[in-house]
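Asks: The chain contents come next:
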Amino acid sequence: MTTKKSFDEINEKIRKGKAVVVTAEELTGIVEEKGISDATKYVDVVTTATFGPMCSTGAFLNFGHSDPPIRMEKIELDNVSAYGGLAAVDAYIGAAEPSTDRGIEYGGAHVICNLIDGKKVHLKAYSKGTDCYPRKEIDTYITKDSINEAYLYNPRNCYQNYSAAANTSDRTLYTYMGVLQPGLGNVNYSTSGELSPLLKDPYLRTIGIGTRIFLAGAEGYVAWQGTQFASGKPRGENGIPLSGACTLAVIGNLKEMSTEYIQPAIFEKYGVSMFVGIGIPIPVLDSDLLFNLSVQNKDIYTNILDYSVQRSNKPVLAQCSYEELRSGFVSIEGKKVKTSPLTSLYKSREIARVLKNWVAEKGFTLQPPIAPFPKGVTLKSLEQGRL
Amino acid sequence: MQGCIHCGACTAACTKGALKMEPESGTVSCDESLCTHCNACIRACPARALTYNQIRRPYVSEKRLSEAYEGR
Ligand code: SF4
Ligand code: SF4
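Residue numbers (this note's numbering), protein chains in the order written: chain A, 1 to 387; chain B, 1 to 72.
Everything labelled a hint here was simulated from the structure, so no lab data went into it. Possibly wrong hints are sitting among the right ones.
EDC-like cross-link-like pairs, simulated, lysine to aspartate or glutamate; straight-line CA separation at most 20 angstroms [claimed, not checked]:
1. A:Lys144 to A:Glu260
2. A:Lys298 to B:Glu24
3. A:Lys338 to B:Glu22
4. A:Lys362 to A:Glu268
5. A:Lys338 to B:Glu24
6. A:Lys144 to B:Asp31
7. B:Lys16 to A:Asp8
8. A:Lys298 to A:Glu33
9. A:Lys233 to A:Glu219
10. A:Lys41 to A:Glu12
11. A:Lys269 to A:Glu149
12. A:Lys124 to A:Asp145
13. A:Lys375 to A:Glu237
14. A:Lys120 to A:Glu149
15. A:Lys233 to A:Asp299
16. A:Lys74 to A:Glu137
17. B:Lys16 to A:Glu219
18. A:Lys269 to A:Glu323
19. A:Lys255 to A:Glu149
20. A:Lys128 to A:Glu73
21. B:Lys20 to A:Asp299
The structure presented is a predicted model; accordingly, all values stated were derived computationally and were not measured.
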């Protein structure tokens with residue numbers, strides 16, 4: 001008889017402290033020992049995680065009203081520009097924004113992490129002044145406790161898969177995929193492979209709007225599909241896309257986060273970014289899902305793209321598995337090329353373990369999607385000068 | 001190892017094969033015999049965790065990035 005479990009049944013077990021919760025890496029051994037069918041009966045929840053650079057990260061802040069009040073139009077936090085085209089004292093600070101005084105050495109990502117750490121941040125805001133908001137300037141300090149709301153809202157995180165990067169040109173390239181040595185000197189890759197959330201539920205059966213997640217050390221939620229969401233990308237036989245496909249927009253209370261799980265990143269000659277820790281618990285609803293959850297690095301493939309071609313569609317140099325990428329070397333056209341990760345496996349594992357503890361010991365129940373994500377979505381590109 | 005987030009970007013930047021990251025522990029180590037003190041790894045570290053010790057070898061700073069940006 002095939003096993004089927006519902007969210008409700010699994011949540012009941014979580015509430016009673018009886019759910020069997022394992023990380024995606026631990027699941028591999030269980031499936032080898034018990035087989036798919038028995039492992040489906042035995043395991044209730046599998047935790048997945050990633051900790052990698054995600055530029056599309058930022059925070060909404062509400063500073064509270066001063067007396068007399070100001071309608072903030074130009075806003076700077078530690079000399080990093082925040083977007084003020086919202087209501088009077090609302091702002092959005094993007095992680096990738098550099099500061100006006102220190103450039104990429106200090107940017108929006110640093111401001112966000114300083115706020116999380118409870119440190120003082122310098123706020124300067126300007127306005128033309130109105131009858132209802134007469135103040136024209138304010139220069140003060142804020143902390144996460146002195147302001148009203150502070151929540152992270154990341155429009156695109158948690159890529160389902162991501163192509164690895166290499167460089168066939170004769171000059172070093174400095175990219176958001178790290179330093180790429182000339183003449184196929186190295187391959188850099190992202191995603192945590194078999195631990196990565198969207199690779200483990202490739203058709204997003206259990207992940208949708210409202211899914212409760214681990215976000216930077218706090219409880220967070222999936223708010224929407226991420227930008228550049230492309231569920232229609234070609235997939236391998238195991239359902240896994242070979243390049244960036246689905247993404248998530250995520251939201252969570254910045255005031256409860258920890259900089260153990262979110263960190264600024266500075267990429268040489270590129271800019272500021274943010275390492276964001278995300279963990280997603282996936283319920284074992286049936287054996288099809290358990291099969292997806294048990295897929296290993298050797299069966300997860302990605303393309304290696306040539307970043308020396310300055311086009312949005314970069315040529316594919318080779319295809320390889322995450323097992324090969326993790327081994328430290330891949331072979332491209334007969335050449336042995338060194339590989340380096342950009343996603344921290346160490347941190348991803350830690351997050352998967354912390355989330356396992358939340359679900360198994362702390363009653364972190366699973367929220368079924370309030371609405372599913374669209375299927376078959378393809379990406380549009382921006383055409384120059386055409387209507 | 002406090003400043004290091006174990007991302008591996010330094011190993012990508014080193015053309016001499018001097019830096020290795022232990023995949024399980026995430027520990028970064030430098031083979032002095034291969035290091036040419038070119039600084040590339042230090043510049044490439046997104047967490048600004050690498051610095052030089054007295055014998056001119058890159059090592060992971062005890063100073064956390066958060067401390068580095070604290071003293072604005
Ligand atoms: S300083 Fe040494 S370890 Fe760092 S990149 Fe240069 S050769 Fe490699
Ligand atoms: S030393 Fe820096 S670049 Fe190297 S693994 Fe640690 S954080 Fe990444």
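Asks: Taking the numbered hints from earlier one at a time, note which ones the structure violates and give those numbers from smallest to largest.
Replies: Hints 4, 6, 7, 9, 11, 17, 18, 21 contradicted; others consistent.
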